[in-house]
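Kindly produce the complete structure, drawing on both the sequences and the hints.
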Amino acid sequence: MRQKKLVIGLLVMLALVVSSFTYAYWNNITAPADDTAAGTVTIGEGDTITTTVVVGNVSDTSALVPTTYVATPGVEDTAALSFSVNWSGGSGSAGTPGTLTATIDSYTLGTLTETQIDDMFTITVTSGTGAIVAGTLQNVIITVVFTTEPGSETIYNQVALGTLTFNLTFSVTV
Amino acid sequence: MKKGIKALKFATIMALLLGSFFSVTDSFAYWNNGTVPPDTATGTVTTSTWVQYFDWNVTATYAVGDIVFHNGSYWIATKAGTNSKEPTLGKPGSNWWSPYTP
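Protein chains in written order, with the numbering used here: chain A, 3 to 176; chain B, 1292 to 1393.
Careful, some of the hints might be misleading.
[Said to hold, decoys possible] Derived list of chain A stretches under chain B, where covered just means 3 residues or more per stretch with a C-beta under 8 Å from a C-beta of chain B:
| id | segment |
| --- | --- |
| 1 | 33–40 |
| 2 | 51–62 |
| 3 | 142–156 |
| 4 | 159–170 |
[As the list claims (entries may be wrong)] Computed Cβ-Cβ distance ranges for the label pairs, DEER-style:
| id | chain 1 | residue 1 | chain 2 | residue 2 | range |
| --- | --- | --- | --- | --- | --- |
| 5 | A | SER129 | B | ASN1386 | 51 to 61 Å |
| 6 | A | SER86 | B | THR1337 | 15 to 25 Å |
| 7 | B | PRO1390 | A | ASN88 | 57 to 67 Å |
| 8 | A | THR117 | B | THR1337 | 18 to 28 Å |
| 9 | A | SER154 | B | GLU1377 | 14 to 24 Å |
| 10 | B | PRO1328 | A | VAL77 | 52 to 62 Å |
| 11 | B | HIS1361 | A | THR138 | 50 to 60 Å |
| 12 | A | GLY41 | B | PRO1328 | 35 to 45 Å |
[As the list claims (entries may be wrong)] Pulled a few chain A residues facing chain B out of the computed Cβ check, cut under 10 Å:
| id | residue |
| --- | --- |
| 13 | PRO68 |
| 14 | THR74 |
| 15 | PHE123 |
| 16 | LEU139 |
| 17 | VAL174 |
Just so you know, the hints here were simulated from the structure itself, not pulled from any lab data. Ideal Cβ placement from N, Cα and C applies to all residues, glycine included.
Shown next, in the form of C-alpha cells:
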C-alpha cells in the first residue's frame, strides 16, 4: 500500500517535472541574414581543325565501244570508275558528319568538243555522294556509257582507240 | 515523411545534373571552320575500235574496199578516188561501187 502511494507520488512528480520543463520555440519573425556562396565553372578550351579531302586519279581500260556494238563477247559499252574519297583532319575530326558532292567539271577526247562528246557518251555520278563521315573512306562511282556511235568518219577517227578524260571536283560541306 | 524522401530524391538528381554540367574540367572542343578545301581527280576511259559504216560523202576520197551506206544500201568501193561517183546501180559510176552485205 505504501509502495503504491510512492509510485503514485513518483508519477505525479514526473508529470510535474515534464510539464514544468516543457519548452516551446517560436520564430522571432525576423528573416535570417542572407548568406553567400561561390559557384565555380571551369570553361574548357577549343580549337579549329582543318580537314582535307584527298582523292586519287582512276583509269579504266575497258576499251569501250558504242552500245549497238556490244554483241561481240568481251566488249563493253559501260565503265564504272570508283574514286576513293578520304576526308580526314587532325585529332578530334573523326566521326564528324558532312556532305560529299562530286562534280564533273570538264571532259576531253581528242580534239572533240564537249558537245560532240555529249552526243556519244554519258558521264554520271552513280553513287557515293551525300552523307560522309570524317575518318572513313568513301567510294564514289562514276559511270561512263558509250551510248551513241560517232556521226561521221572524222569523229570516228577521233574516238576509236582514244582516251576520254574527265575532271572531277570532290567537296565536303559541314 | 514521403514528401521528405521525394525532396531528397529531387535534390540528389539536381545535384547529379548540375555536377555533370559544371564540374567537368579539362574539357576540349573541336569545331570545323565550315570550309573544307575540295580536291580534284581525273578519270580516264579508253575506247576500242569497231566496224562502222558511214554515209557516202561526195567530197570524200575512198580507197578500194571502203564501205559506205547510201540510199538504204551498203556499198563497197571497187576503185580508188570514187569521191564523186554516187553508188548507184545502172547509172554512170556504178562500176565504182558494188553492193555489199555487211
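Hints, verified against the model:
no. : hint                               : result
1   : 33–40                              : violated (count 0)
2   : 51–62                              : holds (count 12)
3   : 142–156                            : holds (count 7)
4   : 159–170                            : holds (count 10)
5   : A:SER129 <-> B:ASN1386: 51 to 61 Å : holds, 58 Å
6   : A:SER86 <-> B:THR1337: 15 to 25 Å  : holds, 21 Å
7   : B:PRO1390 <-> A:ASN88: 57 to 67 Å  : holds, 60 Å
8   : A:THR117 <-> B:THR1337: 18 to 28 Å : holds, 21 Å
9   : A:SER154 <-> B:GLU1377: 14 to 24 Å : holds, 18 Å
10  : B:PRO1328 <-> A:VAL77: 52 to 62 Å  : violated, 40 Å
11  : B:HIS1361 <-> A:THR138: 50 to 60 Å : holds, 59 Å
12  : A:GLY41 <-> B:PRO1328: 35 to 45 Å  : holds, 43 Å
13  : PRO68                              : holds, 7 Å
14  : THR74                              : holds, 8 Å
15  : PHE123                             : holds, 8 Å
16  : LEU139                             : violated, 13 Å
17  : VAL174                             : holds, 4 Å
This entry does not satisfy hints 1, 10, 16, going by the numbered hints stated previously.
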